[in-house]
Amino acid sequence: MELEHLDTVSRSIGSALTSQERSNLEIGFIKRNATENIESMRFWGRISGDAQDYLISVAFIESVDAPKKKFFFCTNTSPELQQFPEVGKDKRDKASRYTGRLKGDPSRLLDESETEPQEGENKNVFREVDRLVLLVEAIDNQTSLIPCGAYVVSATHYIVPNRLFQGLSWEKALQLGSYHHFRDATTAERKSALATPGLVRPSDFLDPLTVDLEGTWTLRKDGTGSVVVLRNLVFPGFVFFHKPRTGQYGSAYFGDGLRNPDLAFML
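Just so you know, UniProt numbering puts 228 at position 228 of the sequence shown, and the rest follows in order with no gaps.
Keep in mind that the hints are not guaranteed to be accurate.
In silico lysine-lysine, BS3-like type, Cα no more than 30 angstroms apart, as pairs [as the list claims (entries may be wrong)]:
1. 94 to 70
2. 94 to 172
3. 94 to 69
4. 243 to 221
5. 221 to 69
6. 243 to 94
7. 191 to 103
No lab work stands behind these hints, which were simulated from the structure alone.
Could you build all of it, start to finish, from the sequences and the hints given here?
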């Protein structure tokens with residue numbers, strides 16, 4: 001989400017960035033845009049830790065047949081944006097052992113039986129930053145979304161922003177099926193649409209929210225009546241907004257990164 005839209009989300013979720021956090025992100029965006037030639041860097045969310053919080057940002061990269069994202073993070077004491085590390089299968093297998101909140105120290109060893117690798121030793125230890133990556137992956141896979149038509153498939157099958165997108169009508173904006181997951185398609189119908197040469201309609205290549213478990217999304221107007229707000233019950237800290245008849249939309253996550261343990265009782 002663009003930082004200038006953060007106030008719209010804050011009204012609905014009751015959380016906001018401090019002036020220092022916002023300043024750190026703005027400086028980090030400028031540096032990354034200059035060094036990596038990234039066209040668009042956006043705020044993704046803040047994951048709370050016991051000692052300090054993680055600020056997450058994401059860059060969207062044009063790619064063939066699937067949305068591609070590059071994630072970065074920083075903390076209050078280390079404001080320099082760092083790219084997420086790769087997390088291999090062995091670390092992913094370890095992740096299920098850990099269910100509590102993060103501390104806020106990316107270098108912290110999570111397995112007490114492990115020791116810091118010696119200089120020159122190639123030891124694959126599991127750190128808090130690795131768990132942070134997996135938490136963000138899970139949240140993003142469940143919640144990343146766009147209004148239908150905000151992205152299109154080009155003639156060369158690249159997924160690119162739709163420069164002509166002027167927003168949904170109010171009628172469509174209040175329908176859950178008008179919003180699509182911004183991730184690799186999971187349904188056979190959407191996958192086949194991307195695999196077929198030729199024109200691909202905006203409604204054909206991404207999964208609509210209606211494929212999710214019924215009841216996991218809420219949709220309503222905000223208190224001003226000027227924007228539509230979607231909330232996710234799997235990860236309650238997530239909020240998405242869209243201002244109908246304009247190209248304005250965005251989302252953010254504010255929370256501890258953990259799934260809602262009461263979901264089964266809420267559906």
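Quick rundown of the hints versus the structure:
no., hint, result
1, 94 to 70, "holds (23 angstroms)"
2, 94 to 172, "violated (43 angstroms)"
3, 94 to 69, "holds (24 angstroms)"
4, 243 to 221, "holds (10 angstroms)"
5, 221 to 69, "holds (29 angstroms)"
6, 243 to 94, "violated (41 angstroms)"
7, 191 to 103, "violated (39 angstroms)"
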